[in-house]
Amino acid sequence: MTTANLSQAFMILLRRDLTLAYRRRSEMINPLLFFILVTALFPLGIGADPTLLREVGPGIIWVAALLAALLSLETIFRSDFDDGSLEQLLLSPHPLSILMIAKVFAHWLITGLPLLVVAPLLGVLLDLPGDAITTLLITLALGTPVLSLIGTIGVALTVGLRKGGMILSLLVLPLYIPVLIFAANAVATSGAGLPIDAHLSLLTALLALAISLSPVATAAALRISLS
Amino acid sequence: MNEFFHMGGYGFYVWTSYGLALLVLLANLLSPILLKKKLLRELARREQRARRL
Amino acid sequence: MLKFFHRMASPKYFYQFAGKLIPWLAVACLGFMLAGLYDGLLLAPTDYQQGDSYRIMFVHVPAAWMSMFIYMVMAGAGAIGLIWHIKLAEVMAISSAHVGASFTFLALVTGSIWGKPMWGTWWVWDARLTSELILLFLYLGVIALYNAVEDKRTAARATSILALVGVVNIPIIHYSVEWWNTLHQGPTVTKFDAPSIDIDMLIPLLLMAVAFKLFYALVVLMRARCEILQRERNSGWVKELVRASS
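Residue numbers (numbering that gives the first Met the number 0), protein chains in the order written: chain A, 0 to 226; chain B, 0 to 52; chain C, 0 to 245.
Don't take every hint at face value.
Just some of the chain B residues that point at chain C, by a computed CB distance under 7 Å [stated by the list, open to error]: (1) Gly7; (2) Tyr12; (3) Val13.
Just so you know, these hints were derived from the structure itself, not from any lab. Heads up, the beta-carbon is just placed ideally off N, CA and C, and yes, glycines get one too.
Using the sequences and the accompanying hints, generate a full structural model.
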């Protein structure tokens with residue numbers, strides 16, 4: 000039997016997670032529906048005044064995206080932990096942090112990317128101008144991977160705990176806040192017609208930081224949780 | 000003396016802040032003291048139970 | 000010197016050494032605090048713009064400084080415990096969490112109380128206040144995670160990772176005042192040229208800052224001793240201690 004090299008292992012893990020998700024594809028809809036529902040709740044709650052909605056729209060959509068991301072985080076390690084394949088992953092000869100990138104990437108494709116598909120619709124629902132909707136898509140494209148990456152650290156820390164779900168939100172939401180601030184601000188600013196280079200640079204910087212550091216933290220956290 | 004408490008009209012704000020600071024500091028001092036007492040009591044009880052067995 | 004650190008790694012030796020240090024720290028802390036309070040509340044002149052309400056600064060600013068300093072200590076000690084598996088580092092990390100959270104809470108509340116007469120509002124969502132609020136949540140997250148994990152060694156290592164991940168937040172707090180033009184006071188002490196604050200106000204501020212640092216040292220040693228008692232409860236010296244105290 001030949002051992003797979005790192006890139007093969009990466010692709011195998013990626014394909015495995017995507018296949019497993021595809022077999023339960025009805026579950027993929029849930030965070031998406033949550034995203035739409037939460038966004039729809041706000042006009043119902045704060046009144047349908049279009050000027051007001053346009054002003055708070057970016058923030059609403061981003062908060063909803065954040066909550067949807069949080070909701071879908073549990074699935075990343077849950078089934079693997081329950082059937083023991085997570086421990087097998089820890090025993091792999093390949094660097095765990097790289098394998099974590101594969102898992103998070105798969106998770107983002109399943110839970111983050113669909114949000115981007117739905118976002119323009121929500122932008123229209125909240126009467127956002129065209130520029131803002133484009134920026135919304137860009138910020139979601141940059142931001143949702145960061146949410147997945149950072150959130151995975153939280154899941155890794157709490158996967159062994161009994162009531163992990165509650166404490167996961169407490170741990171992860173404070174770390175999400177900078178992403179929220181920069182992204183929602185970018186969308187609002189572009190809606191007003193102003194340049195957003197600074198915002199996008201900051202978001203990209205956050206993404207770069209997250210990609211390089213969070214897999215390491217996740218790997219370390221998993222080893223600790225499963226020790 | 001009166002103007003010390005009055006603080007130029009801001010007495011409420013200044014003294015509430017300092018009062019809160021005092022409370023926070025006292026709470027942080029008392030907490031480990033009480034914790035240590037509780038720990039020693041519990042460990043002593045454990046010792047007694049172990050000795051009886 | 001090296002031998003001192005070596006000995007310090009032993010929980011028993013640390014427990015005794017900390018016990019001897021605590022009364023001295025308490026006295027020093029009290030001294031600085033009384034001096035700072037006397038200077039700040041009585042001697043320091045009334046501010047031209049803010050009247051006497053600025054005196055809140057003498058608790059607000061040291062509390063804010065401590066909130067960030069303690070977090071760095073917590074993250075640093077956590078990192079040391081994680082990398083070199085030194086028990087004492089783990090103990091120091093978690094012992095810092097409660098007092099750090101307290102100072103963060105104090106900074107937020109005193110800042111809010113100061114803000115009301117000055118800016119007319121109890122709260123504003125500017126970058127510095129928001130980051131300090133996030134810092135409070137980070138502290139609470141560390142405490143919550145530590146309490147949720149049964150095995151305290153695992154708990155200590157998990158919270159160390161959490162604390163390190165949150166460290167990114169600290170520079171954001173510190174530089175946020177330069178990045179955003181906001182309501183909060185600009186940096187007046189920790190910047191690279193001479194502080195732009197009056198010397199008569201600077202001295203009580205520094206006295207209180209030292210007092211708060213000593214208070215932190217005092218409390219962290221007290222908590223660390225409790226944590227050590229808990230962790231080492233099955234060891235001989237703890238059993239001896241318990242027998243002697245009952």
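Legend entry - Hints that the structure is at odds with (numbers, increasing): none
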